[in-house]
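This is what each chain is made of:
There are 2 protein chains.
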Amino acid sequence: MVGDQYLLLPGPTPIPDRVKRAMSKPMINHRGMEFRIMLEYIIEELKAIHKTKGDIAIFPASGTGGLEAAIVNFVSPGDKVLSISSGVFGDRWAEIAENFGAQVERVDFPWGQSVDPQIIKEKLIKDTNANIKAILVTQNETSTGIYNDLKSIGEAIGSHPALLMVDAISGLATIDMDMDDWNLDVVISGSQKAFMIPPGIAIMAYNKKALAAHANCSGPRFYWDLTAVRKYLEKGQTSVTPPISLYFGLEEALIMFKEEGLENIISRHRNYRDIVRCAIKALGLELMAADHCASPTVTAVFAPPDIGANKIREMMYKDFNIVLAGGQQNLDNKIFRFGHLGYVRELDLVASIAALEITLSRVGYPVNLGHSVSKALECLKENIT
Amino acid sequence: MVGDQYLLLPGPTPIPDRVKRAMSKPMINHRGMEFRIMLEYIIEELKAIHKTKGDIAIFPASGTGGLEAAIVNFVSPGDKVLSISSGVFGDRWAEIAENFGAQVERVDFPWGQSVDPQIIKEKLIKDTNANIKAILVTQNETSTGIYNDLKSIGEAIGSHPALLMVDAISGLATIDMDMDDWNLDVVISGSQKAFMIPPGIAIMAYNKKALAAHANCSGPRFYWDLTAVRKYLEKGQTSVTPPISLYFGLEEALIMFKEEGLENIISRHRNYRDIVRCAIKALGLELMAADHCASPTVTAVFAPPDIGANKIREMMYKDFNIVLAGGQQNLDNKIFRFGHLGYVRELDLVASIAALEITLSRVGYPVNLGHSVSKALECLKENIT
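Taken in sequence, the protein lines are chains A and B.
So in my numbering the end of the first sequence lands on 741, straight run, no missing numbers.
So in my numbering the end of the second sequence lands on 741, straight run, no missing numbers.
Keep in mind the hints are simulated off the structure, nothing from the lab.
Hints are not guaranteed to be accurate.
Repeated chains share a single entry, so a pair holds when one copy, or any two copies, can fit it.
As the list claims (entries may be wrong) - Under the rule of at most 20 Å between Cα atoms (straight-line distance), these lysine to aspartate or glutamate pairs were calculated in the EDC-like manner: (1) 667 - 390; (2) 690 - 461; (3) 436 - 537; (4) 381 - 360.
Given these sequences and hints, build the entire structure.
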């Protein structure tokens, strides 16, 4: 089929035209006043989105770089770290900490489930000497389509002095989050998610408690060094050359954020999720995440085993120019994932459900054409405000 | 003055319109076939530019990230490293190696001079047990405007087993280089230089000898890990999310490279240098680099001390919308730097010389208006082929 691709991934997301135009502006001197004004604007807006009075560091990197930055700036080799995971990205963060010499205790929850704050609480109660220096959690586990309740996790940690470090790469600004009120010490995010710009920028928000830990941290670093970031920021500069075109895009995206309003962005993503999930249920397919922890940015769906997820993805791509994500690692060919993150139109989700109906029907799965679409429309109708 | 800015920095450089348009293409799945085809094309073209049969790794990062990647992939903590420096960027690479635990012996040459391969040779002759594992050199020292003769440095190393690792960030594709023939083992570059695209991509070329060193390297890493890069590359993917818009730009820039031809690009940069230097000499200002090692991408000029470099830069910016770089560290206010790198027109350099004449004249420096411009024109006339 002709026409633009439907890019339904949990990042990168479609890019708004005005962001593309902003990214096409001529280069500027990244050590000059124009850049400084832009950088300071971006940082203030990012603080507002995080709901923090803490600080922001921006790295030329993918989100994974932001996770590495958090480890080398706040965790010293030998430090004990509690890593809470229920998927690929939770595991990745544990692995980064291990590679940099942390003593990582992994607390794993079944894939497709959110983490249980009570278990974290019990672990910390036993840590009477406060040996645990940091707790790594994932806000939104893209590999399985669940999100974790950061507020409860913050409460479970209570007065334990460990830093609570959050991978919010695919969740920030799509799920309610109050960094200061919920005692989140470090929060990592990336540009190609809710920010609607291409990959290449990692963002790290951190508070005073994290900064105090940084002062005594012996993690090996140069590129990610927060001390250098802070020194240059005083001059309105970055410690390494910034990806200027992506900064232009981020600046424009943040203006769009302000126009729409953070609460509206969060409820828009909730609506995406609800549209997709009610349609998938109507199709009789199994969802990986339970309702109470279902991610607003990505929905993982078990394919009928006799068909396989990759066959469905291939047909959706070939016949309708719809790009869905596959399953990672053990989930390959078992699940397909609808990304509904960033600059996505509700009606494109409805169209994709329609395409899924046709696709499933063509490979012999029993489908009542139009039925799941009608459920999606009912859900969409409810959600129009 | 109205009109586009003259951006005369040693990076970022002006971006060609067709590169901007390429960067505006819609996002694609970075785990899909479209990306794979682009990645494989880019890597083949990059190999040709390096003149290597070795391999290429691409990181979402500024050039400094590429330097860190080289250290953590090829140098283990405790390894002895020889760092050859005559400026800010040479020093930076030594510092990165030190931060990651290498035992760095610094061999410093005066700023504004190229390094003497004979001294490197003598150091290596004394290293009879081959304790030195790597030698760090800078191809083009942006802070002072000199370049080093990598061929002679390669010859000076001879059969010593140390890896020769080159920071070619601001020099690649503007100075003759034959990676395989000259025994360069690791070569780092960045997107915002000769490649004429915005910052955000670091490139690391490496050969089999480097890969063998990597196999035994205990440098702490995750984000930069070459083993992961190579594993994903087999599937036509990157180990972390790639900055897709910059890849689109790089692909287009590499097509432009092929159209112009590498030899022509190198001679174009040599012409830039010659135009600027003959005009500066005609103005009676002192150049930081001697003729034999003068960089083709950036020219550092001593300002008359009673005027100061920053005053000149401010006036050039305010009156003519020309952006020049300043001096770094101890050179602040002493030198200004003409960047002539990437997508620059020769006549823009002539125009900037004209603006410099007027600026100097207005602050009381004796200028025969038009004299240095005429010298620049004579040089330009010579160089038209």
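Hints, verified against the model:
Taking CA atoms no more than 20 Å apart as the test, residue 667 paired with residue 390 passes between copies only; the shortest distance there is 18 Å, against 50 Å inside one copy. In this assembly of identical chains, the alpha carbons of residue 690 and residue 461 never lie at most 20 Å apart, being 29 Å within a copy and 54 Å across copies at closest. Taking the shortest Cα distances, residue 436 and residue 537 never come within 20 Å of each other, neither inside one copy (25 Å) nor across copies (48 Å). In this assembly of identical chains, the alpha carbons of residue 381 and residue 360 lie at most 20 Å apart only when taken from different copies (11 Å versus 24 Å within one copy).
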